[in-house]
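Asks: As a plain string of letters, each chain reads:
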Amino acid sequence: MKYTIYLSSLILLVFAGCKTDDEFDGPALNDLYGQFAIVQGLSATNYDVDFSTGEQTTFESSFSKNIDWVLEIKGLQSGAVKRIEGFSNLLNVDNATWNGTTTDLPMFKQESCAVQLTFLSETDTLRDTLDVVGARINEGFVVSDFETGTNPGWNSFVQTGANMSFAVQSTIPAAQGNNYFNIGGTVNWDWLIGLINMPASAYGGTHYPLSENPELENFNVMIYKPEELSNGIMLFQFMEDDNLDGVFTTNVEDMFSLEVQMDKNGWGQYSINYADLQTLINGAPSADIGNGIREPHKLLQISVLFLANPASGYANAYLDYMIFTQNGILEP
Amino acid sequence: MKKTLYILFLILAFGLKTWAQEEKKVTFNGTARSLFYGDKLTEDSSVEDTITVPRLNSGHVLVDLGVNIRPNKNTEIQGMIRVRNDYGGFWGSGVTFDVRQLSARGVIGGIVRYQLGDINYKMSRYTMWNYDQELISNTPAVFRQQTDLVNYDHFYFNDNSRRQQGAAAEFALVFKKYVKELQFHAVTTRVKTSDFSATNDRLFSGLNARLIQSKYFQIGVNYANLYDIPGTSRNKSIFINPVLTADYKISYSYKNWEANLNGEIGKSSTRYKNNTEAPDWDGRLNELNAFIKENKYGVSLNVQMKYVGSAFRSPGAQTKRIDFTGLPLAYSRITNEQQLRALSTMDLMRESDMYNLQIQPYLMAFSPQYDNITPYGDATPNRQGYTLTLGYAPKKLPVTASVSRLAQEEVKGEGTIFPRVFTRNEITLGTDINKFFPAWKKTMKLTMNYRSDLTTREPEELVRDVNLETSVVNLGLEIETIQLLDLLVGWQEVKYKGFDYTAIRDTYSEIYNFSEFKADGNETMRAIGLRYRFSDKTNLSFQLNEYKIRNEQDLVPQYKVRQFMLLFLMKF
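Going down the list, the protein sequences come from chains A and B.
Take the first sequence: its position 169, counting from 1, is numbered 169 in this note's numbering, and each next residue is one higher.
When you read off a place in the second sequence, starting at 1, and then add 332, the result is the number in this note's numbering.
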């Protein structure tokens, strides 16, 4: 009898752990085949968001199953677009918070925005609106955003070609704010269309207020390329005062360059880490001229040159929002 | 004179004995058969099928000629070649030659038995076991004739062993007291050969140690491992899948009663070394059987409780015989649109190309409509529950009966935390009717079997419920009419209806998707035939068979196939 009890106890003990698992194998059936329903409609935690003070807004919604969704915020004046995508059954602070950044340029400004939530495999669309009462302010040193026109401390040179344009405009939505700089024209004898020299003195200092660490500094610029034109080249030259005498000596001190071929139609952001700047001679990488050390804190002048093959006819581009940022490129 | 005659007698007797011994050194064995099928397809469609050829004739003649050589009393060599001629092929063009078997076995030092070459091997039901294919159990004899041919061609034997190529050895130690015997078995076989590029050499190795303490108690340890050999190809991903189990049996008998408690417990581990994409599987199993029988009345009861984890992987036991991803050769496409015809019970019975020979490292596809509960036999992963089997086999009555009920559920839900629940009820009856009448000497056997499967899962708020039913009925009759001439009659019906989500697995057996499986149909086979038994090893059979299928979920319409089969089979 006691052996029966022992055996029964052993059997019970052996099979005591046989409970059903709380997890499951494979993808959720609910996600694959469950009926889709909107449980909670789309809403925002802040309908008048001031990004300039660091505010954010979080979008909230929930559905009956995990699904691929796309949340799109469009600036009704700027045309800026912010796109947030995800796969989940709800939108919350973990996956749908907007800090004022942009996915498709231009950048948002103070404006009303249309918000739209769509789903990859469903036809439902949820909509809402909110207002940006203050555009996001990016940390860094702004070389120019052209909002107050050109810097009086700059100097420039414009060729005497045909259909020349060399001015601040606001005809189309700017990449940032309202204004941008229009450079264009037909010069059939020279590559140079026009240039702008931006000395550090225009900003009240002997050198640009940048750090000594080239890997920390990033140069960012927004350039607009008209869809019908592909012949323009924007060249940025960074002249360093290697010997700190306050004067840039050609062929003696370092001049690093960034050549932008403008491969994006419309507004595009072009960024480079200062440590990656190269010495270019006629567009080709060459040996450094000066001490060969990237020293942002010795940056004396930035020159912006708009170039085009003289045989290519009319060339045009817009320039906006030049800014140095630290610890990564600009998140517009 | 007497002395001379005595010496002559001795010389003659010795000479005769020597001659007899020399004659036994080489013997011949094998099988010969001639098989002919005449099929006719009829489609139940409002539009006549003008493309598919309705009548198909096929068949072959083959001889498996084996030579058994015993060069000495400790060594045996078996070689067998197959000569096959398909009907319609002329000599030289339709004839195929194949080496069907080559093996050697013997005894070393009178202690160790070994086998080399083509060997049949099995271990426990969770380590190395060749489970029967779907729907074969309790199939009437008239259908078994065709299934037996397929099983013979693929080396599927009644002991559920697997035909492998490799080497095996075994020896035993016998003791005088405390322990009766200690047995050791080992095997290594080659499962896959390297292509010197992306495929590694793959071996299967097994070890079994068994301690038989007495007729009351025995315990065994089983180790099986399917693994790649590193360095045999450029593929750095190395597959390894060891399975370790322990089995035990405690037996006791008293007067007319006998009882035993037996079971197996173990674990498995599946790894793909140097492959970050592949998952790691660690599973375990636990099975316990309690059996009791009263011999006077022949009543027995077996209670089985089992747990097989969802991550339990044992290629030696889980490899299926049928490859359900294949297509039938006969009438592979029918209707004017030439729709692919899905595998059916008729194809399971006779379609040799659908059968798999080699151990596979992954969980093979199965057919939920035929068996959704135990597609990989007892080693089916992700099952826990019990099975009750009540048996009746009295000594004084020519009747056998059994009733069983299986109630299991998933250990881990698939696609949801809610597990599917499985139930199976089965009843089997068999009787030798002629034995009720002592004056009736000719055989008259009746077999009946009914099986009902149900898979369910309660609906969730937005996911439909699972409810898949399958029922199988088998009826078979064997009647010896005149001397050695048997009348065989059989009927089998498979019905399936319902819905389930079937898992779609990748090459690592990981579920990455589900498909909706809807079933609504039935398949009926009925046959009548005659079999003349020239001897126990030779017979001539012919049968008329009609197979009908209705499958509402298939693109092909309802159809039937009438089959005429002529089979001559001889074993020697």
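Keep in mind that the hints were calculated from the coordinates and are not lab data.
A quick note: this is a predicted structure, and the numbers were derived from the prediction, not measured.
For glycine and all other residues, C-beta sits at the position ideal for the given N, C-alpha and C.
There may be inaccurate statements among the hints.
Claimed, not checked - With the Cβ distance kept under 7 Å, some of the chain B side facing chain A (calculated, not the full set):
| id | residue |
| --- | --- |
| 1 | I468 |
| 2 | G747 |
| 3 | V753 |
| 4 | L794 |
| 5 | D797 |
Asks: Does the closest beta carbon of chain A sit nearer than 7 Å to the beta carbon of L794(B)?
Replies: L794(B) check passes; min Cβ-Cβ to chain A is 4 Å, inside 7 Å.
Asks: Quick check on the hint: D797(B) CB to chain A CB, less than 7 Å?
Replies: At about 11 Å, which exceeds the 7 Å cut-off, the nearest Cβ of chain A leaves the hint on D797(B) violated.
Asks: So, as I understand it, the hint says G747(B) touches chain A; can you test that by seeing if any CB pair is closer than 7 Å?
Replies: holds (4 Å)
Asks: How about V753(B): closest beta carbon in chain A under 7 Å, or not?
Replies: violated (10 Å)
Asks: Less than 7 Å between beta-carbons is the criterion; does I468(B) satisfy it with respect to chain A?
Replies: Given a least distance of 29 Å, the restraint on I468(B) is violated.
Violation of the numbered hints given earlier is confined to hints 1, 3, 5; the remaining hints are satisfied by the structure.
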